[in-house]
Amino acid sequence: MPFHTWLPHAHPAAPSHVSGIMSGVLIKIGIYGILRMILLIKTDYVTAGYIILFAAVISGIYGVMLAILQHNLKTLLAYHSIENIGIIGIGIGLGTIGIGAHNPMLAALGFAGGMLHVLNHSLFKSLLFFSAGNVYQATHTLNIEKMGGLIKKMPHTASLFLLAALAICGLPPFNGFVSEFLIYSGLYQGLGNQSPVPLFAIIASLFGLVLIGGLALLCFTKAFGIVFLGTPRRVFVPAPVEASWGKLVPMYATLALIMGIGLFPGVFLQALSAPVAAFTAKIPGAPQVSAIPENASRLVANIGWCAAGFIALAGLVFFIRQKATGRKPASVSGTWGCGYVGDASRMQYSAGSFIRSYRKLAEPLFSIHKKKRPVEGIFPVDGWQETHPYDALEEWLIDRPLRKLKHFMGKFQFLQNGNPQFYVLYGIVFITLVILVPLVVDNMYALLDFLNQL
Amino acid sequence: MDNLIIKNHETVPLASIPVLEYDKFLAQNTVLLAEERRHCVQYYGFLQSGMVQLLCCIADDMHGTILVSSALVGKKQILPSFTAHRPAFHKFEREIHENFGIAYADHPWLKPVRYPFDRARPQNDIANYPFFQIGSEELHEVGVGPIHAGVIEPGHFRFVCNGEQILHLEIQLGFQHRGVERLFLAKQHLLQRTVLAESIAGDTVAGHSVAFANLWESLCGFRAGAGLQFARTLALELERIAVHTGDLSALCTDVAYQLGSAVFGRLRTPLINYFQIWCGNRFAKGLIRAGGSHFPFNESLAEQLLEMLDAFEPDFDAMCEETFTLPTVLARFEKTGVVTHDQAVAIGTVGMAARVSGLNRDIRASHPHDFYPVLQHQPIIKHHGDVYSRAQLRRREIKQSIGYIRHLLKHMPLDSATPEPLGQPAPESLTLSLTEGWRGEICHCAVTGVRGELVHYKVKDPSFHNWLALALAVRNNEISDFPVCNKSFDLSYCGHDL
Amino acid sequence: MTSVLLITFAATLIYISIANRLLTYINILAFQGLLLFGVSFIELNEINTVNLIFILLETIVFKTLAVPLFLGYVIKKNRITREAEPYLPNFLSLVIVTLIIIATFLISNIIHDPRLDKVYFVVALSSLFTGLYIIMTRKKLITHVMGFLIIENGVFILSLAVGAEMPMLVNTGILLDLFVSVLLLGVFVNKIGDVLPSADVDQLQNLKD
Amino acid sequence: MLSLAMIFLASLFFTGIVIRTKSLVSGRKGPGIFQPLKDVVRLFKKGAVFSQTTSFIFQVAPSIYFASVVMAILVVPVGQSKGLISFDGDFVFFAYILALGKFFSIISALDTGSSFEGMGASREALFSMLAEPAFFITMGSFALLTGHTSFHAIFTALHFGSYVSYALGTLATFVLIMIAMIENSRMPIDDPKTHLELTMIHEVMILDNSGFDLGLILYATNLKFAMYGAIIANFFISNLPLALAVPLFFAVQFFFAVIAGLLESFAARFRMAHNAEFIYTLTSFSLLIFFGVLLLMGKFI
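If you read the sequences in order, they're chains A, B, C and D.
Residue 157 in the numbering used here sits at position 157 of the first sequence, and the numbers go up by one each step.
Basically the numbering used here = 1-based index in the second sequence + 1000.
Basically the numbering used here = 1-based index in the third sequence + 2000.
Basically the numbering used here = 1-based index in the fourth sequence + 3000.
Everything labelled a hint here was simulated from the structure, so no lab data went into it.
Computed from a predicted model, the values in this text were never measured in an experiment.
One thing to keep in mind: the hints can contain errors.
Computed Cβ-Cβ distance ranges for the label pairs, DEER-style [as the list claims (entries may be wrong)]:
| id | chain 1 | residue 1 | chain 2 | residue 2 | range |
| --- | --- | --- | --- | --- | --- |
| 1 | B | Gly1135 | C | Ile2110 | 55 to 65 Å |
| 2 | D | Val3049 | B | Arg1182 | 31 to 41 Å |
| 3 | A | Lys152 | D | Gly3147 | 33 to 43 Å |
We put the CB at the ideal spot given by N, CA and C, even for glycine.
Generate coordinates for the entire structure from the input sequences, incorporating the hints supplied.
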């Protein structure tokens, strides 16, 4: 996960179709590597599973938390790749634990979820990147603060982006939900008969996965809402136009696949049967006939039915609405602005404002570079503000150590600063060390053992 | 110092007001405002033989005097501004700019005050009002009004926000510019003028009509009897209690505290119903007349008033105790919408809004009229300047006013106060009348011509000063706290728009 | 039953991390006293009466009544503003306190001591750390006193955890400790209130040698 | 099928009871309990006004929102009677289908290009994101306790026997009531009564909706309330025979509505910035539920 820093820089720099392929294929190589490793090595699978799970949860949450802060459409999508790798990782981690714990159901659900998500991610992510590419070609900018109201000009791109966004948020009836549901099922499966600490890891991953879902929702309502909805924030010359059908047709084809997996997940799950079997085979005494347990396929079929049912229900409600409102007068007027008659294009939410409350909560975790001239005086002359989210890990791992070293010696002077709270802090640090050191040492041995086994 | 020193409600000949060079006029008045105890109560211009005579009235709270000076300038001149030195003058100069086209070279905020259909630049309207903008794509603006969700008066509030945080608020009023001051000249009959004064602001009927009645009596050389003064003081204090109670209810509504909202709302009703018993109108319309009263106060009214207050007080105390100890309410009130002492002094706030920021500004104490010299009023001062202080101030002022009313009723003067015919207004004079309404100081100012006819009438509601305080108070607050901040000031739209 | 009370105790720790008002802190402390009374009452009701009365005295009289009233008095007397004024945003405090509980939970899992009741241990330890955390991150001296009281409650629970038969001596020690700490800090705050305009720790920095 | 009918029935009077409670507490008579329903019916009959800023999103969103709530209700069981849809892990589907509806209501608010609705959308997105983990962990804890992962199976297998389990039930009820309050944007998170646009969350998001669409959204809110009421009721009626369960169900719904009304009468709304902390507290509480479950199962002594 700390090795991700190239990704958000590479994506905005690359042309859109390359980004699509990059996220679709390139970063999956890492996943493939992990999968191959699991197949090759013979080791303590449970420990390995926890390590994968831990890294995956962290990178998933971290990726999406940073993604929300981005104002560049492609950087935003790029951080989402990190998030999705996290989700895939949770699946694989679970599967690995399943192998270690001799639980075929857990292993199957974990690996199937993870692998299906690999496929899903490459579908909706490339669709998102293609849409972002269309937007870029129409507006020549990727800064979402400058866009707005594009749905009027580019209805197809907007719809495709919306559907892909729903899919990436893992919402039914799209494919993202199927794979996430498999992983959820795996997690709840994992809750059965365990001792507290592994249970805790499961709950933590559950928490992580839910949080990722909620954050993704926040992120994509922001991205879609600010880019495509509302009134235009800026006049583009020439005016944005819809992409040509040549571009749209492959995108619709991708959409068809996304919907297909969402509605008929059973088919795709059966296709995954063989690769998953390669993993479940590592469990001694596991049934070799079908890798996907019977009830897992039944579950997934349920999802498909529910998805179809929901589409039908929504259609029905909409149909009734159309019937009911068809005869009644529907007038068109401006958005309610409390009777103000002047220009209102600045009077709508910007991306920065939309996520500010979130940013305030997340600020301690990230280094956000804020430049502003605050409004001062009774009659202010001017004010200005700009924020730049910066990847804190990148900063800490690459930039900070050098600076830290310089100040290292000078640091000790601050210890004796006369603030009683700091003395209490030293006390806490000491207590914590006393408790943790034996613990850490123990675990170090465990880790060394584990590495030896490799 | 070259100025005329007058008392509250004093009529002086126009000729006795010193006319200064503009530069000296500027220097003198801006220096006067350097001290906290002085503030500008009125600064306006009127036409005098083709020139504009600027008249600046500065009140000295320590000595109970008003310092008047003036200057003659041409229309559409370019002048240096007072505001560049003392922001407290900004609204007055904007008004002068709007009325006479006088341009100010260094005024930092020279924007329209009202909708100027009768002003120098009639083409100004809300759609081209130059709102302050912050050049950042990450911020957004929120425009509230002129039509608000509650049935209240029109005004446009433009917020520059960063998410939930308000960075800047600009308030644009003037939707209700009815031409009140011109109507005072157009309507010749005293009754018409009295009714006009009563209609300046619907929630300050007693305040404005007392200010007008005192002014007119002074102009006509009439000295009101004790009974009349007694009734006016009583009406002012009753109005204060009633509106403050209503405001406490509204404050509770804005933090969604239903119990407080309902109970305080109920408590307000007997108060305004008492006016109904007294004068036939719940808002005290028709109660106060120059030269007399149609509704003299008597023993049975006093009895009913005491009865009503006896019923009011225990309920009010209990509800206040409940409200001001409820953590969820306190969390919303405390440290919300702070106006610092320095800000309050700089922009020259008056009345309640000044008293919560540690500024001792109360006409009842500094320029007492009617029965206030007897009451020896001691203003209640708070220092934090937040919503909590404004709510607490209301609570304490209500208690104080009830105490005053009880005290007054014990020493009720019994002289008949039937209307007497007033004399003719003094010719070529100036009269200035200051009254402490519930919201703060009300200033009425009249200038008469050669035959004693009104040539200029000027009204200033406390809201005129205090709207800017609201704009400063909400900076860096949450936008969802704006309604409660707004209500804590409870400023008048029409009193400002005139 | 004791577990229920202890879980409620843990919930009060979470709540105190987001409390803004000093009054809430005091109420929480009083409530904690009540909970402790419940726990010790159930634990000790089979032991002698003297001990029981002693516990009653300590938890009900001191923790639930005397100390909160005294704190309220100190706040009123010194005109301390009624907000807690943390250094860190409340949201972060909440996350940290939750993490503290999780961490103590994990730590308790490592300890294998049959004599130790783990629920007690977890709640005691987390209340200890939460108390320290509150001392660290709150500006006002009075909140530091409250932090100490939370720590003290933690120690109380820990002493219950070690064994059902709580030695009288330990108990007396705790009571004395409690008494002295509150009294001393009360006096301290009173004095500081006289000298400095507001009892903020920031100003104590000036006192260092 | 029974559950659907019962939740539907409860939804008819739920909001009415909340409003009636508030009126009675503040000393007013208040509107009849079917007034909110009458309002919805009136809206269904009305024509609509659409903003020229909006696109097709604004037209379809209310229908999808309504459908998502109905779909979620299909999953909820009542007592022994299963929901129409029931499978392992159905509460994941439940939460995600509601999230889909929320997604659409948020983007439909952004579609109007109004700062008020953006404000509401921003608040809704953040708060629902923060509330979600509490629900999942609570349900996860019960899944652990019962060994089942569907609503119906969890509730039927749930039985209270010891003090700890009562404590857990109370805590879970508290968490669920609060989640219901957040999801329906009521006090102390949101304040549906104050008329001002700036202080609201849900009401301000639907500022530009009118006519049939508004009716759908308002009715969906009623349904949602009754749905959470049903989940809470399940804690109490899971094992009872039908004859007892049905009246008890309505009793619990009634009490839930009264509690909501009382909560809105005797406290002020939180400061917006405080909401995030408060909502997150629920997650911490749900962790306590988890520990409690471990305790109950003897995995942690």
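Do the hints match the structure? See the list:
1. B:Gly1135 to C:Ile2110: 55 to 65 Å: 57 Å, holds
2. D:Val3049 to B:Arg1182: 31 to 41 Å: Holds - the Cβ-Cβ distance for D:Val3049 and B:Arg1182, about 39 Å, lies within 31 to 41 Å.
3. A:Lys152 to D:Gly3147: 33 to 43 Å: Distance hint for A:Lys152, D:Gly3147 is violated at roughly 53 Å.
The structure does not agree with numbered hint 3 stated previously, though it agrees with all others.
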